[in-house]
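> Kindly generate the complete structure, drawing on both the sequences and the hints.
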Amino acid sequence: LALSGIPVAISKIISGFSLSEKADEADTALKIFKRVLLISGIAGFLLILILTKPLVFVTDKTGKTAYSMLAMAPAVIFCCLSSVYRGYYEGCRNMTPTAVSNVIEALSKVLLGLTAAFVTVKLTGNAALGAAAAMAGISAGTVLSYLYLRFSFSKTT
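Quick note, the sequence shown lines up with residues 1 to 157 if you use this note's numbering.
Do not rely on the hints blindly, as some may be mistaken.
[Said to hold, decoys possible] Label pairs and their computed distance ranges (CB to CB):
1) K61 x D27: 47 to 53 Å
2) G125 x K22: 56 to 62 Å
3) S18 x G125: 52 to 58 Å
4) I42 x A99: 26 to 32 Å
5) T62 x R93: 46 to 52 Å
6) T59 x V119: 25 to 31 Å
7) V103 x L38: 20 to 26 Å
8) S18 x F151: 18 to 24 Å
9) K122 x F153: 36 to 42 Å
10) T59 x D27: 42 to 48 Å
11) T28 x G125: 30 to 36 Å
12) L147 x A9: 21 to 27 Å
Derived from the structure by calculation, the hints contain no laboratory data.
Predicted model only: the values in this text are computed from it and were never measured.
For each residue, glycine too, the CB sits at the ideal point set by N, CA and C.
Written as structure tokens, this is what we have:
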């Protein structure tokens with residue numbers, strides 16, 4: 001939802017304000033979207049933290065998958081925040097920041113995730129920790145993508 005549905009909805013609303021030359025209302029809408037999606041992201045993050053133990057208990061008696069779920073949790077917040085900016089840029093008919101952030105996110109996820117997994121398994125010999133390190137790399141890619149979008153937005157406003 002945060003990757004496809006929300007940015008489209010935001011872009012439609014921002015585009016409508018842009019076409020009617022109501023830039024102030026577009027800025028107000030953006031502020032509201034940021035708050036709502038920050039709250040949603042934090043709620044998702046907390047939900048993962050709360051439900052990790054019960055879910056792991058049901059699905060994996062060893063508990064080793066908990067590390068991966070916890071390492072992925074921060075990505076929920078930054079994915080929600082990124083979707084706000086992606087929708088904003090799409091509504092302003094500027095696809096460059098969205099495209100660049102997608103490339104940053106994909107490359108970072110692969111490079112950081114694989115490197116972290118490889119190094120962790122090499123150092124610890126623990127595949128569960130290696131999987132968690134890979135998920136942490138994926139979360140880091142999401143953070144880097146968001147930081148690029150935020151930086152790009154601050155330069156344009």
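> Against this structure, judge whether each hint is valid.
Verification of the supplied hints:
| no. | hint | verdict |
| --- | --- | --- |
| 1 | K61 x D27: 47 to 53 Å | 51 Å, holds |
| 2 | G125 x K22: 56 to 62 Å | 59 Å, holds |
| 3 | S18 x G125: 52 to 58 Å | 55 Å, holds |
| 4 | I42 x A99: 26 to 32 Å | 27 Å, holds |
| 5 | T62 x R93: 46 to 52 Å | 50 Å, holds |
| 6 | T59 x V119: 25 to 31 Å | 27 Å, holds |
| 7 | V103 x L38: 20 to 26 Å | 24 Å, holds |
| 8 | S18 x F151: 18 to 24 Å | 22 Å, holds |
| 9 | K122 x F153: 36 to 42 Å | 39 Å, holds |
| 10 | T59 x D27: 42 to 48 Å | 44 Å, holds |
| 11 | T28 x G125: 30 to 36 Å | 54 Å, violated |
| 12 | L147 x A9: 21 to 27 Å | 23 Å, holds |
Violated hint: 11 only; the structure is consistent with all others.
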